[in-house]
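Chain by chain, the residues run as shown.
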Amino acid sequence: MEFSIYRFNPETDTLPKMQRFTLPDDQVEPGMMLLDALLLLKEQDDSLGFRRSCQHGVCGSDGMNINGMNGLACITPLADLEAPVTLRPFPGMPVIRDLIVDMGNFWDQYRKAEPWLVNDSPEPEVERKQSPEDRDQLDGLYECILCGCCSAACPSYWWNPDKFLGPAALLQAARFIQDSRDEATDHRLAQLDDAWKLYRCHTIMNCTQVCPKGLNPSRAIGDIRRTMLKKSL
Amino acid sequence: MNLTRRKFDALIIGAGGAGLRAALQLSNGDAKVAVVSKVFPTRSHTVAAQGGVNAALANVLPDSWHWHMFDTVKGSDYLGDQDAIEYMCRAASKVVYELDHFGVPFSRLDNGNIYQRAFGGQSQNFGQDQAARTCAAADRTGHAILHSLYQQNLRARTHFFDEYFAVDLLRDEQGFVLGVLAFEILTGEPIVIEAKTTLIATGGAGQLFRTTTNALINTGDGMAMALRAGVPLEDMEFVQFHPTGIAGRGMLITEGARGEGGFLVNADGERFMERYAPRAKDLASRDVVSRSIATEVREGRGCGRNRDHVLLDLRHLGADAIRHRLPGIREASMTFLGVDPIEAPIPVFPTCHYSMGGIPTNRFGQVVAPVKDTPEDPVPGLYAAGEAACVSVHGANRLGGNSLLDILVFGRAAANHILEYLRENHYHRPLDETAVEQAMARLTRWDRKDPGDGSSEQVEPLKRELRKVMEDHCSVFRTDEVMREGVEKVRALRERLNHAVIADHSATFNTARVEAMELENLMDCAIATIRSALGREESRGAHSRIDFPDRDDQHWLKHSLYSLADDSLDYKPVRTQPNTVPSFPPKERVY
Chain X
1 MEFSIYRFNP ETDTLPKMQR FTLPDDQVEP GMMLLDALLL LKEQDDSLGF RRSCQHGVCG
61 SDGMNINGMN GLACITPLAD LEAPVTLRPF PGMPVIRDLI VDMGNFWDQY RKAEPWLVND
121 SPEPEVERKQ SPEDRDQLDG LYECILCGCC SAACPSYWWN PDKFLGPAAL LQAARFIQDS
181 RDEATDHRLA QLDDAWKLYR CHTIMNCTQV CPKGLNPSRA IGDIRRTMLK KSL
Chain L
1001 MNLTRRKFDA LIIGAGGAGL RAALQLSNGD AKVAVVSKVF PTRSHTVAAQ GGVNAALANV
1061 LPDSWHWHMF DTVKGSDYLG DQDAIEYMCR AASKVVYELD HFGVPFSRLD NGNIYQRAFG
1121 GQSQNFGQDQ AARTCAAADR TGHAILHSLY QQNLRARTHF FDEYFAVDLL RDEQGFVLGV
1181 LAFEILTGEP IVIEAKTTLI ATGGAGQLFR TTTNALINTG DGMAMALRAG VPLEDMEFVQ
1241 FHPTGIAGRG MLITEGARGE GGFLVNADGE RFMERYAPRA KDLASRDVVS RSIATEVREG
1301 RGCGRNRDHV LLDLRHLGAD AIRHRLPGIR EASMTFLGVD PIEAPIPVFP TCHYSMGGIP
1361 TNRFGQVVAP VKDTPEDPVP GLYAAGEAAC VSVHGANRLG GNSLLDILVF GRAAANHILE
1421 YLRENHYHRP LDETAVEQAM ARLTRWDRKD PGDGSSEQVE PLKRELRKVM EDHCSVFRTD
1481 EVMREGVEKV RALRERLNHA VIADHSATFN TARVEAMELE NLMDCAIATI RSALGREESR
1541 GAHSRIDFPD RDDQHWLKHS LYSLADDSLD YKPVRTQPNT VPSFPPKERV Y
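Sequence order for the protein chains is X and L. If you read the first sequence in this note's numbering, its first letter stands for residue 1, the second for the next number, and so on. If you read the second sequence in this note's numbering, its first letter stands for residue 1001, the second for the next number, and so on.
No lab work stands behind these hints: they were computed from the structure. Don't take every hint at face value.
[To be verified] Cross-link-like lysine to aspartate or glutamate pairs, in silico, EDC-like; alpha carbons within 16 angstroms at most:
hint : chain 1 : residue 1 : chain 2 : residue 2
1    : X       : 112       : X       : 162
2    : X       : 42        : L       : 1504
3    : X       : 42        : L       : 1515
4    : X       : 42        : L       : 1460
5    : L       : 1449      : X       : 46
6    : X       : 129       : X       : 183
7    : X       : 213       : L       : 1331
8    : L       : 1094      : X       : 125
9    : L       : 1281      : L       : 1129
10   : L       : 1558      : L       : 1538
11   : X       : 129       : L       : 1098
12   : X       : 230       : X       : 193
13   : L       : 1094      : X       : 123
14   : X       : 129       : L       : 1110
Source: prediction; values computed, not measured.
Work out the full structure, taking the sequences as your base and the hints as a guide.
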């Protein structure tokens, strides 16, 4: 099977190039994932750089651009891919080396969303109650693995990565706005209420299309807007 | 040596649940704390834990910490230290309520309390009816906990060194641990991080085996660092094989699937666990269920074309329960097998899951090692917690739901002890530069180029061979002859590793170098594991010897200690005396 992989080493290259790799047919097994193939290709050339860890789509390490779509290598079946499989680093993020990008800005935006539960009421000695219905509101929000596929697929984030928080961070904002145990909703909404952090989303919906966990950041952003609107009436 | 140097009160190596729980406690306690992790914190393997965390909240069925303690002692096959187990079970409710306050999105009961499910080895009233003790956030509890802990650390402004690889501990002549030599993976730059206290929270060594639920990063780095610093490893022969890994691949299917009512069947469609564990059936302890599955397959009752697995049937639970309580494993089963558990059973087989053994500590998280006649003398400045440590609450077999509990309770306990230590030890001790040079040598060793005479070895093939050797020679069933051969094979591989080179010598994000150093760590853990296993001539918990099929309390109710420097085994007594309640004496273990 043929691969075309983006290569760039800042110590030796001035420009990136696409390199051909071949995975011999006898190494291709049924049910193989793209990451399995990459690990074998790395044996041919140990300088091939990519991040990876859990191998089943929960740690979020191996996000990359696969035949033009962002996704996780470890849960992308090789059989579903058209050859040559073209692998590039996430678009819109600075490349460190090969398929490894600098996610510093992504983490900065995550932190700006203040993704932690705030509840300054006296602490009970047991759990704070939450009805199953209130807890259900967090489904589709809390499962995010911070792989970055969504933000790296978002044109608004490409254009204004420093000002627009991006879908991943906004999904987190929604997760805490929705949490019945959180007391900082007004503060959270006020923080987001400017021309950039939230409203740069133009509902292009690439985020929702690429999310490997099937989450819907686009809807979450819409929900934040509606909540904001209701508060202002 | 002209190196970047940073100084902190407390250094934590590893950013999984144990490391982050400790970091939060320290940051909130006003200590200057640094967390070093070779991956971004939320990539740590805690994220993959599914089923939940045990605490006797009694939200669903009656429960008490004392019953939890009994189950844990029994589950450990009486090898667990009962003082530590009592401490953990008593602390469990508190640490779980804390998690709720940190924001963990636990599933809920109708009355708004935390949802709890049944797990293996749990009982009410000291071995009677099944208990429901495992607090769950659907089947993504580890993810929920790890992310919440990271988020609270962001709030507390903990200092993170993300994507830094720890090379070796820095220890002085008097035995104090004074920090670590690490390097920044991004730039390849070495850095000395000095600290008054160092906590190892680097997780387990699940990459030792070919089929494993464990992430590629689980290479026993901290365990190997401890070995090289002269600390023996405890009970390394006890490796847990999880009964339900996805057959042929190893991905985890949570015990919660059986806790929710799923059951195992063989090729005859028989619920075979009824034969092996008449009372607990599919919710017997993990060692028991794994052995039963392996026995069914060995005796020809396996399923599939190669008769090499059994089936986990969830269909009777109904689509709603599966979608609501087990969404993650449904996703994994569909992704990796194309099997929707709503419609068809999941093919499963035991897979390496957890290291019960590790760096010996007491229940305050202090690393302890034998000094002359004292088997447990604290190593000053050094702490360990979580899977990297052996405190030992899991003994010969860990109960499901007790590992998330272990990391929380002992991450927190270690941090509290560190705060005490810092109150008495105000100043950094002078660093021993020879220790820095030794650690640097381990790093620069990989600068060596291929001499081109055919004498050099490659890292990845060696790793593959090691994992195969461990699986063939030190797996669910063990014998003297097979393990003896395994020891020689591991030694031969270690010798070959000395001749390994990497082709990539660039400084920037050199993953080849990281993987080479991970293999060195794995190799040290492998020898500790198989040597300890060969030494223990009895069957206990996860360690099943065909040639010594019975538990032998007279000779073997003791912990193994493996030292790397002289390749030797030593033993120390089990702490059978709890803190406040009577001891649970060893009894025959039936489920």
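So, going through the hints one by one against the coordinates:
no., hint, in the structure
1, 112/X with 162/X, "holds, 11 angstroms"
2, 42/X with 1504/L, "holds, 11 angstroms"
3, 42/X with 1515/L, "holds, 11 angstroms"
4, 42/X with 1460/L, "holds, 9 angstroms"
5, 1449/L with 46/X, "holds, 14 angstroms"
6, 129/X with 183/X, "holds, 14 angstroms"
7, 213/X with 1331/L, "holds, 9 angstroms"
8, 1094/L with 125/X, "holds, 8 angstroms"
9, 1281/L with 1129/L, "holds, 12 angstroms"
10, 1558/L with 1538/L, "holds, 11 angstroms"
11, 129/X with 1098/L, "holds, 13 angstroms"
12, 230/X with 193/X, "holds, 13 angstroms"
13, 1094/L with 123/X, "holds, 12 angstroms"
14, 129/X with 1110/L, "holds, 10 angstroms"
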